[in-house]
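Produce the entire structure from the sequences given, and follow the hints as far as they go.
Residue numbers (the numbering used here), protein chains in the order written: chain A, 53 to 193; chain B, 46 to 743.
Hint data in this document are derived by calculation from the structure and do not stem from the laboratory. Small disclaimer: the values here were computed from a predicted structure and weren't measured. Even glycine gets a Cβ: it sits at the ideal position worked out from N, Cα and C. Be a bit skeptical, because a hint or two may be false.
Listed below are several chain A residues computed to face chain B (Cβ distance under 7 Å; list not exhaustive) [what the hints assert, rightly or not]:
(1) A83
(2) C88
(3) C93
(4) V123
(5) E124
(6) N140
(7) F146
(8) I148
(9) L168
(10) G180
(11) H182
(12) M183
Covered by chain B, according to a simulated footprint, are these stretches of chain A (three or more residues, beta-carbon under 8 Å) [said to hold, decoys possible]:
(13) 71 to 81
(14) 130 to 139
(15) 169 to 179
Partial list, derived from the structure: chain B residues whose beta carbon lies under 8 Å from chain A [said to hold, decoys possible]:
(16) P207
(17) L210
(18) R213
(19) T215
(20) D224
(21) C240
(22) E276
(23) S342
(24) R424
(25) P639
(26) D640
(27) Q652
(28) R672
(29) D675
(30) N681
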Amino acid sequence: MTALTVNGMAVETTFDGPLLHLLRGELDLFAAKLGCGEGNCGACTVIVNGQAVQSCQTPLWDLEGAEVRTVEGLRADDPVIAAFMEENAAQCGFCIPGILMTVTALRDQGKGGDLLQTLDERHICRCGAHMRILRAARTVL
Amino acid sequence: MTAPSTSLKAAPLISHWVGFESGRVQIRSGKVEIGQGIGHALMRIAAEELEVPMEIIDLVQGRTAETPNELWSSASISVEVGGLAVRQACTHARALALAEGARLQNVHPEDAGVADCGRGTADMAALYDAVAPSLDLDVPVDPALSPKPRSDYSVLPEKTVPHDLRDRLTGKPGAFLQDFTLPGMLHARVLHPPCTAGVLLQCDETALAALPCVRHVVRDESFVALVAETEHDAIRAAQAASAHVSWDTPDLPEGADLPALLKDLPAERRRILTRGDAVTSVDVELCVTRPFLAHASVGLSTAVARPDDKGMTVWTQSQGVYPTRDEIARTLGIASEDLRLIHVPGAGCYGHNGADDVALDAALCARAVGAPVRVSWTRTQEMTSAPLGSGMMVDVGASLAQGRITGWTHKVRSLTHLTRPGWGDGINLLSAWRLGDPHAASDIEDPGQVPFGGGGDRNAIPLYAVPNIQVTYDMIKAQPVRTSALRSLGAHANVFAIESLMDECALSVGADPVAFRLAHLEDPRARAVLRCAADMASWDDRSSGGDGIGWGIGLGRYKNKAAYFAVALRLEADAALHVTNVHCAVDCGLPVDPDGVRNQIEGGIIQALSWTLKEETVLRPDGLSARGWDTYSIINWDELPSKLEVKIMDAENNPALGVGECTMGPVAGAVGNAIRNALGVRLTAMPLTPQKLLEALA
Chain A
53 MTALTVNGMA VETTFDGPLL HLLRGELDLF AAKLGCGEGN CGACTVIVNG
103 QAVQSCQTPL WDLEGAEVRT VEGLRADDPV IAAFMEENAA QCGFCIPGIL
153 MTVTALRDQG KGGDLLQTLD ERHICRCGAH MRILRAARTV L
Chain B
46 MTAPSTSLKA APLISHWVGF ESGRVQIRSG KVEIGQGIGH ALMRIAAEEL
96 EVPMEIIDLV QGRTAETPNE LWSSASISVE VGGLAVRQAC THARALALAE
146 GARLQNVHPE DAGVADCGRG TADMAALYDA VAPSLDLDVP VDPALSPKPR
196 SDYSVLPEKT VPHDLRDRLT GKPGAFLQDF TLPGMLHARV LHPPCTAGVL
246 LQCDETALAA LPCVRHVVRD ESFVALVAET EHDAIRAAQA ASAHVSWDTP
296 DLPEGADLPA LLKDLPAERR RILTRGDAVT SVDVELCVTR PFLAHASVGL
346 STAVARPDDK GMTVWTQSQG VYPTRDEIAR TLGIASEDLR LIHVPGAGCY
396 GHNGADDVAL DAALCARAVG APVRVSWTRT QEMTSAPLGS GMMVDVGASL
446 AQGRITGWTH KVRSLTHLTR PGWGDGINLL SAWRLGDPHA ASDIEDPGQV
496 PFGGGGDRNA IPLYAVPNIQ VTYDMIKAQP VRTSALRSLG AHANVFAIES
546 LMDECALSVG ADPVAFRLAH LEDPRARAVL RCAADMASWD DRSSGGDGIG
596 WGIGLGRYKN KAAYFAVALR LEADAALHVT NVHCAVDCGL PVDPDGVRNQ
646 IEGGIIQALS WTLKEETVLR PDGLSARGWD TYSIINWDEL PSKLEVKIMD
696 AENNPALGVG ECTMGPVAGA VGNAIRNALG VRLTAMPLTP QKLLEALA
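Here it is as structure tokens:
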């Protein structure tokens with residue numbers, strides 16, 4: 053049994069797989085995406101205890117007492133979402149929820165200067181919406 | 046008069062496209078959302094022609110029996126052809142509604158409702174609502190009615206936020222097919238062999254069934270799928286399954302030497318263009334190659350199938366719901382009418398990927414277990430089972446006299462670029478070949494669409510005016526690996542070859558690359574985009590090149606009949622090859638959704654940089670080199686240009702043209718030309734890597 057909070061809600065679960073499958077399979081939170089399941093694409097990124105992590109590589113046993121945030125936990129008028137809407141910073145949009153959480157974590161930590169390096173290490177966009185994504189992210193960092 | 050959209054042939058009535066019900070407008074289209082923004086473009090077309098707010102439009106896309114059969118969303122014609130059909134249907138519907146409004150009010154049509162109270166979207170929405178009960182839309186669309194001229198557009202600002210963007214960004218359930226669920230739905234993974242020609246040698250079904258969390262093993266000859274309660278369980282089951290199955294996989298031919306591989310495979314020569322005198326000798330020649338490329342969508346190919354009393358419903362990300370429905374129905378042995386395909390957007394799609402195959406996989410699983418099943422492929426399957434963009438080789442040469450090109454030869458050699466479902470008489474779905482009662486794939490046949498190029502010959506004919514020209518296409522029908530349509534098909538390599546040769550010709554006669562092109566260019570729209578891109582880059586003031594910094598130019602008209610695109614870019618060559626500045630101009634006629642056009646052009650440029658500089662998957666006897674993101678490099682965030690500037694030409698009185706694929710070849714050409722300008726060497730084998738540059742400099 054693991055006890056954690058997801059977007060402020062208390063969750064107790066016996067599920068013992070990766071966090072991504074708790075979110076998608078048990079809690080019906082679909083913003084975090086399954087893109088590779090191998091920790092290479094970043095589509096599954098969520099925030100755990102203030103840090104952006106790849107939820108496909110984050111086992112539940114490591115999350116006792118953790119605070120998990122997903123895009124569903126952002127307010128509808130959160131400036132990060134508003135910035136991506138304003139810039140139409142997506143093509144298919146599949147990679148964006150993960151990037152939103154990385155940008156949110158950098159904003160909350162005051163680490164906007166790490167944007168490019170963090171995206172380099174963690175996120176793939178295949179459609180080529182990069183320029184818009186950077187523009188949108190930089191308006192809130 | 047505008048010519049009727051060819052989409053009207055299969056769906057001639059206004060009611061096939063437009064409806065008015067409950068105060069809302071229904072728009073039906075056979076063109077589907079694959080990340081290119083077509084849905085929003087269609088909404089903009091309908092809102093402007095009908096003069097209604099976008100908020101009251103309900104768009105339905107890609108549902109068999111409900112939406113027009115527009116075959117595939119491909120070839121950059123969703124706006125050009127599909128959008129035109131919606132526009133023509135809306136124009137006619139509006140005219141009929143105004144007439145019906147006049148009849149009901151017993152006034153002259155000019156005065157029907159809206160004329161009196163000032164035309165506006167609220168008035169038109171009210172008019173459609175009022176006339177809906179008596180309005181007969183079961184009449185053929187009359188394409189003779191003129192759509193509104195651009196100068197009369199009044200409903201929409203230039204930039205509108207795509208209607209579905211928030212849902213996609215914020216995880217609305219079902220906004221992506223990968224997130225689509227049904228009550229009682231199970232999850233499955235299919236076991237694919239390491240290469241597509243593999244045959245199941247041994248399969249311990251008892252052991253597979255005994256794996257924890259496996260609910261069903263679905264087996265039909267070489268088709269094996271594991272069905273589980275949750276996606277997590279299905280993934281775990283598939284990972285554990287490898288110990289219990291073995292495949293007989295033929296060795297792939299060695300592909301490290303791509304020209305050798307392509308020359309070894311027998312080809313059928315086609316004459317694409319022969320004009321003027323035979324070109325018997327050339328002064329400048331190049332042999333360029335393009336490697337096999339992976340589709341490599343960021344999402345996994347997915348489908349959901351639900352059996353019912355009569356047949357099946359399949360939710361799919363296929364680009365062509367009708368052709369794929371028909372092939373799945375034939376595979377299942379049921380009537381097409383008993384199978385329903387509903388399109389739901391998936392992750393970005395740039396051509397024929399695994400979407401159709403996985404739709405059959407889901408149907409086979411759902412039929413076997415009698416319950417709804419969602420199937421996704423694995424990352425490795427995305428890289429090794431989906432069709433690749435074919436490796437290509439292009440020999441080009443030119444003869445010159447008095448500073449002009451007098452002769453041109455272009456010989457392209459490639460595997461097919463078209464093995465989609467619906468193409469030919471066979472079944473072009475992977476798992477159909479593996480069943481106990483197998484279906485054969487269609488005969489390999491790129492369509493002959495001279496002069497536009499239907500496959501490997503796409504854009505093989507240069508835009509430039511040359512008196513004597515010979516263009517041939519050596520089409521390889523063998524399929525050592527599965528190849529099919531990938532963004533721009535043959536145009537990426539063909540335009541790379543043409544634009545590389547144009548620069549070499551210009552250099553050999555000491556001419557400026559832009560001036561040399563203009564001297565051979567008659568089409569005023571092509572001249573205009575080229576001049577515009579050069580001006581944006583301050584071409585005439587650029588540095589002379591050398592010392593590792595260079596500028597390159599590239600030009601193309603997609604399919605020689607669609608959007609014009611020119612690009613001037615700056616490149617720095619040191620330990621890496623970095624394109625720092627991109628200036629480009631596009632002429633796509635009327636830009637239906639200008640921000641959508643920019644988005645597609647930006648994305649096309651970045652993907653073209655990625656293909657041209659980084660991407661390849663190599664055939665090796667034991668399989669393809671690319672098996673996941675760790676073995677398939679694409680452009681990364683620190684490799685982006687610092688400046689990327691897009692100019693949409695003022696060409697609003699020309700028909701709208703799609704822009705999804707026009708960038709690929711010209712960007713490749715411009716990169717090669719910039720490297721040549723930066724360091725004086727011509728790289729001809731994509732990807733154009735620092736390693737190859739070092740070898741060329743040595």
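Task: 8 Å C-beta criterion, at least three residues: is the segment 130 to 139 of chain A covered by chain B - done: That given contact holds, which follows from 4 residues of the segment 130 to 139 of chain A lying within Cβ reach (below 8 Å) of chain B.
Task: Hint status (Cβ of R213 (chain B) to nearest Cβ of chain A, threshold 8 Å) - done: OK, holds: R213 (chain B) within 8 Å of chain A, min 4 Å.
Task: When the least beta-carbon distance from E124 (chain A) to chain B is tested against 7 Å, hint result - done: holds (6 Å)
TODO: Would you check whether L210 (chain B) satisfies its interface hint, that is, whether its CB is within less than 8 Å of any CB in chain A?
DONE: The hint holds - L210 (chain B) has a Cβ within 8 Å of chain A, the shortest such distance being about 6 Å.
- [ ] Classify the hint on N681 (chain B) as holds or violated, based on whether any CB of chain A lies nearer than 8 Å to its CB.
- [x] Holds, about 5 Å.
Open item on the list: Given C240 (chain B) as an interface hint, is its Cβ closer than 8 Å to any Cβ of chain A?
Closed with: Nearest chain A Cβ about 20 Å off; hint violated.
Task: Status of the hint placing I148 (chain A) at chain B (closest C-beta pair under 7 Å) - done: holds (5 Å)
Open item on the list: Checking hints one by one. Is D224 (chain B) an interface residue toward chain A, by the C-beta closer than 8 Å rule?
Closed with: holds (4 Å)
Task: Restraint outcome when C93 (chain A) is required to lie within 7 Å of chain B by C-beta distance - done: holds (6 Å)
Open item on the list: Next item in the hint list is M183 (chain A). Is there a CB on chain B closer than 7 Å to its CB?
Closed with: At about 5 Å, which falls below the 7 Å cut-off, the nearest Cβ of chain B leaves the hint on M183 (chain A) intact, so it holds.
Task: Supplied contact hint for D640 (chain B), tested at 8 Å Cβ to chain A - done: Status holds, d = 6 Å.
TODO: Using 8 Å as the Cβ threshold, decide whether S342 (chain B) counts as touching chain A.
DONE: holds (6 Å)
Violated hints, in rising order: 21, 25 and 28; the structure is consistent with all others.
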